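Colleague: Note that the protein sequences, when read in sequence, are chains L and D. All residue numbers for the first sequence refer to the numbering used here, where the first residue is 329 and numbers rise by one. All residue numbers for the second sequence refer to the numbering used here, where the first residue is 48 and numbers rise by one.
Since the hints were derived computationally from the structure, they do not count as laboratory data. On a predicted model such as this, the values are computed, not experimentally measured, just so you know. Treat the hints with caution; some may be incorrect.
Stated by the list, open to error - Restricting the straight-line Cα-Cα distance to at most 25 Å, the calculated cross-link-like pairs of lysine to any residue (SDA-like) are:
1) D:220 / D:70
2) L:665 / L:616
3) D:131 / L:517
4) L:583 / D:133
5) L:638 / D:113
6) D:187 / L:583
7) L:626 / D:225
8) D:159 / D:114
9) D:136 / L:624
10) D:123 / D:134
11) D:113 / D:136
Read off the chains here:
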Amino acid sequence: MEEEETYLELYLNQCAAQDGLAPPRSPLFSPVVPYDMYILNASNPETAFNSNPEVKETCGGFSSVDLSFLPDELTQEDKNQPVIGSKHETEENSESQSRLPSPSDIGLGSNSPSLSNPHSQQHPSDTDSVQASPEKPDSNSLPLASITPMTPVTSVSECCGIVPQLQNIVSTVNLACKLDLKKIALHAKNAEYNPKRFAAVIMRIREPRTTALIFSSGKMVCTGARSEEQSRLAARKYARVVQKLGFPARFLDFKIQNMVGSCDVKFPIRLEGLVLTHQQFSSYEPELFPGLIYRMVKPRIVLLIFVSGKVVLTGAKERSEICEAFENIYPILKGFKKA
Amino acid sequence: MHTHCIYLLKRYSLGDARRPLHETAVLVEDVVHTQLINLLQQAAEVSQLRGARVITPEDLLFLMRKDKKKLRRLLKYMFIRDYKSKIVKGIDEDDLLEDKLSGSNNANKRQKIAQDFLNSIDQTGELLAMFEDDEIDEVKQERMERAERQTRIMDSAQYAEFCESRQLSFSKKASKFRDWLDCSSMEIKPNVVAMEILAYLAYETVAQLVDLALLVRQDMVTKAGDPFSHAISATFIQYHNSAESTAACGVEAHGNAIQPCHIREAIRRYSHKIGPLSPFTNAYRRNGTAFLAC
Chain L
329 MEEEETYLEL YLNQCAAQDG LAPPRSPLFS PVVPYDMYIL NASNPETAFN SNPEVKETCG
389 GFSSVDLSFL PDELTQEDKN QPVIGSKHET EENSESQSRL PSPSDIGLGS NSPSLSNPHS
449 QQHPSDTDSV QASPEKPDSN SLPLASITPM TPVTSVSECC GIVPQLQNIV STVNLACKLD
509 LKKIALHAKN AEYNPKRFAA VIMRIREPRT TALIFSSGKM VCTGARSEEQ SRLAARKYAR
569 VVQKLGFPAR FLDFKIQNMV GSCDVKFPIR LEGLVLTHQQ FSSYEPELFP GLIYRMVKPR
629 IVLLIFVSGK VVLTGAKERS EICEAFENIY PILKGFKKA
Chain D
48 MHTHCIYLLK RYSLGDARRP LHETAVLVED VVHTQLINLL QQAAEVSQLR GARVITPEDL
108 LFLMRKDKKK LRRLLKYMFI RDYKSKIVKG IDEDDLLEDK LSGSNNANKR QKIAQDFLNS
168 IDQTGELLAM FEDDEIDEVK QERMERAERQ TRIMDSAQYA EFCESRQLSF SKKASKFRDW
228 LDCSSMEIKP NVVAMEILAY LAYETVAQLV DLALLVRQDM VTKAGDPFSH AISATFIQYH
288 NSAESTAACG VEAHGNAIQP CHIREAIRRY SHKIGPLSPF TNAYRRNGTA FLAC
């Protein structure tokens, strides 16, 4: 345990010492987990790192998940350097896959302050530049990494730059300890617990705006986040709340169970035609539900298509599934455009 | 009153002209009302036989057991309803919480009810076979094709109107529907799922009436000397009729609306069973009126 913590400290110190400008290298791993680890632990070195026992606890708690990355990183010292740059790059790439850089990027930059607020004590430039990127690359991060696309941009022209926006993410995590729900409900803010109605504590936090269902077994469901990173961040926050109440909460098996996205094709769609030609996939009962329910096989996504042109996509475990599903459906919808 | 609802249902969404006749709507309402009341009474009898205190969906399914096609359509409807609640729940987190809080496992509840019940009454295995049956529902297909043809020639304003009228149903104003059926005067009342089914059956009755009335009307429009005029599908003729009427609208507003006489003739033909197996092919009869929806 002690060794793991010293490793973590070492790594974090190295990360904190960097400025965030680095030559791009090929990405080694998916950006999601390392980002998050970096963000949350990066704040710790800024506060009284070594003397804070709680922080050590947190590190120990998270090490069970994050350690798998450490050996890879620590074997090659210089990998730490471009890590941030490559992370930026992968974010860039995954974004550019689905769309061309557009003004909406800059608009989305306004999301980043929400992430950086709780951590903006010291090293604002450092944390800001890194924390801005997990959201969506805003205008600040674009000059950071020269974009070398890793995968070919796929059929952007088809979708005319429309990208589904994520509306809700449902994730689960195992805190791996038995919890006293009554105690949690009594001591935590924004917690409700009604054992007669439902055997879980319902907790809410404002940033990121989410709701969590915490069960006595230690399992937790987190809903309401608008991105994968936010969902993970929120889950961590709930875990920390539980920890602060004295439970040995850990953070195991974080998994995104469902992602919901929505977008607007901006033209009315003739659903009667669609349901007739795609009978095996669609059901349309307007007297029951105003939208057509389209069950796409590959990827396995359910789309709700409305006459107005709004499309809701659900059932995804990954963002790429939502984008892919939309790319598949867009030409079909264009065929049923109501003039 | 429900005349308004029926009026809007008929118009358009189920195949009638854009402005259906008021008399037709009143007549259709009357027919649907009578049929539903009769159905409700028979369902009450069935549940009394069981010694139950509420009318459950099982009672209604029991009444429908004879007509496989209509039963299958009802089952499909119930499944879609389940499926839709499942999906909508995943999207809206409030719904998700609501569902969790309500405790019981609500997923696929209608499907479970149907499956369990049919399992219990099925002697020959043919009812359960319906769950796996993937045959195309011809009536549904015809309705879809008709709607598709209608919508193809509409402009976006008309289409928006059409879609709105399609979303009307008897299940939207549940309390009004209950009052209309005068459930409060009954000893045994239907439960929530049973009410859903009844609302669906009311909708189906109107749909059936419109289908049949269109057929009747087609029969009446016979071209002299054309031996095959009876073989042309109703939707085809209606398509041509409506294509002409949109060109000369206003004056022709009632031109191709369904008349009460069409409805009456449709009911007469439906009740008049021909053939040796006729008593066995349809569900409960009472007072000589066959049920259109089951």
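Colleague: All the hints need checking, so say for each whether the structure fits it.
Modeller: Each hint, compared with the structure:
no., hint, verdict
1, D:220 / D:70, "holds (23 Å)"
2, L:665 / L:616, "holds (23 Å)"
3, D:131 / L:517, "violated (35 Å)"
4, L:583 / D:133, "holds (20 Å)"
5, L:638 / D:113, "violated (42 Å)"
6, D:187 / L:583, "violated (41 Å)"
7, L:626 / D:225, "violated (43 Å)"
8, D:159 / D:114, "holds (21 Å)"
9, D:136 / L:624, "holds (19 Å)"
10, D:123 / D:134, "holds (16 Å)"
11, D:113 / D:136, "violated (35 Å)"
Against the hints set out earlier in the document, violations occur for numbers 3, 5, 6, 7 and 11.
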